[in-house]
Amino acid sequence: MIAGLVFGFLPLAAWVYLLLLRDGFWRLRERDTQPVTPPQEWPSVVAVVPARNEADVIQHSIASLVAQDYPGDFHVILVDDQSDDGTGELARGLGSSRLSVVTGAERPGGWTGKLWAMRQGSDLAKARAPEFVWFTDADIAHAPDTLRSLVARAEEEAAGRPRVLVSLMARLNCKSPAEHFLIPAFVFFFDMLFPFGAVNDPGRKVAAAAGGCMLARRDALEAAGGITAIKDQIIDDCALGRLMKAQGPIWLGLTDRSVSLRPYPHTTDIAQMVTRSAYAQLSYSPLLLAGTLLGLVMLYLAPVATALFAWGISQLAGWLAWIIMAVMFVPILRFYRLSWLWGFALPLIGVFYAVFTLQSAIQHWSGRGGMWKGRAQASEIKVSEGKATDIENRTDTP
-15 MIAGLVFGFL
-5 PLAAWVYLLL
5 LRDGFWRLRE
15 RDTQPVTPPQ
25 EWPSVVAVVP
35 ARNEADVIQH
45 SIASLVAQDY
55 PGDFHVILVD
65 DQSDDGTGEL
75 ARGLGSSRLS
85 VVTGAERPGG
95 WTGKLWAMRQ
105 GSDLAKARAP
115 EFVWFTDADI
125 AHAPDTLRSL
135 VARAEEEAAG
145 RPRVLVSLMA
155 RLNCKSPAEH
165 FLIPAFVFFF
175 DMLFPFGAVN
185 DPGRKVAAAA
195 GGCMLARRDA
205 LEAAGGITAI
215 KDQIIDDCAL
225 GRLMKAQGPI
235 WLGLTDRSVS
245 LRPYPHTTDI
255 AQMVTRSAYA
265 QLSYSPLLLA
275 GTLLGLVMLY
285 LAPVATALFA
295 WGISQLAGWL
305 AWIIMAVMFV
315 PILRFYRLSW
325 LWGFALPLIG
335 VFYAVFTLQS
345 AIQHWSGRGG
355 MWKGRAQASE
365 IKVSEGKATD
375 IENRTDTP
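Quick note on the numbering used here: the sequence shown kicks off at -15 and runs consecutively.
Derived by calculation from the structure, the hints in this document are not laboratory data.
Nothing here was measured: the structure is a model prediction, and the numbers come from that model.
Simulated restraints on C-beta separations:
1. G93 x G279: 29 to 39 Å
2. S323 x H250: 20 to 30 Å
3. W349 x D107: 28 to 38 Å
Glycine is no exception: its CB is placed at the ideal position from the N, C-alpha and C atoms.
Taking the hints into account, I'd like the entire structure generated from these sequences.
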């Protein structure tokens, strides 16, 4: 009886809290469709694109950058990070005067691959003295007015100050059955961890960013120590968000005008994306891992178990929790144009993400943590003052 009450009402209380007291994250109100006033003068911008073995998408993504309808000074720097598939040559083939393609130097110890490429690009950008640096991934395609919107939002004042970082979470590919099952939940869980409304509130400490599209005010970035200040971070976008929010207001929103070109046709493809950083999010702590797995069981499995197998008031609590989570999942399902019935699959989806989290820890323990483009970037980790720090980087054969 007591167990039934615990497994019935504890998850229900948790979902009621998430529904009402977690900044309404699930409503997806922070969107780039919100109107912004264009600035009187358009500041200069340099886009920095780190790329490693992106031959299949590079021309599409870079073409969308050089085609930006931006009235101010704008240039693109592609840093080809030791690619062996012709990524750099394909980008040069576009022949745009707005584009510079450079071959990145060997990655020094203590750096993750993407951040080292971003550092090289931002250093090269200094020669043009831009007011903003736009970090965007090589597998993201942008609508022609994306940069206009980003700059206008950055120049808009928040709490009496212009924003120092504006970031958009690009629309991920969602066509295959595996993507239908797992991709909307990826955004849902990210927003649950870092409610966009709290991120955008200058008075709150919550900070995050989406690595596919981040416009940073250059003087604020340099004052914060630049990319070097986060050189060892596996979850580089959220690290940059924290770094920049210490300098001023930031903004994070969801968009469907910047889209990922990277398909995830199989469950294993999405698993690789999640396992790269899941254990890093837990600061490589076995204790936090155990607590997270227990929490996922209580949030997602317990309501189903009590709804189907308990009785009386405990069963009612289980059904209520299950219905609440399904209702909260509807806005992101609408964003991805999927049926609301997928909401009732959220408990099973949660189990998959729990497995991915455990796999991430196992990869780290086996010396293959933080895999990115064939590199195990978190093979040995120490925890200092509650923050995970990469102390050895190496290149492994994938």
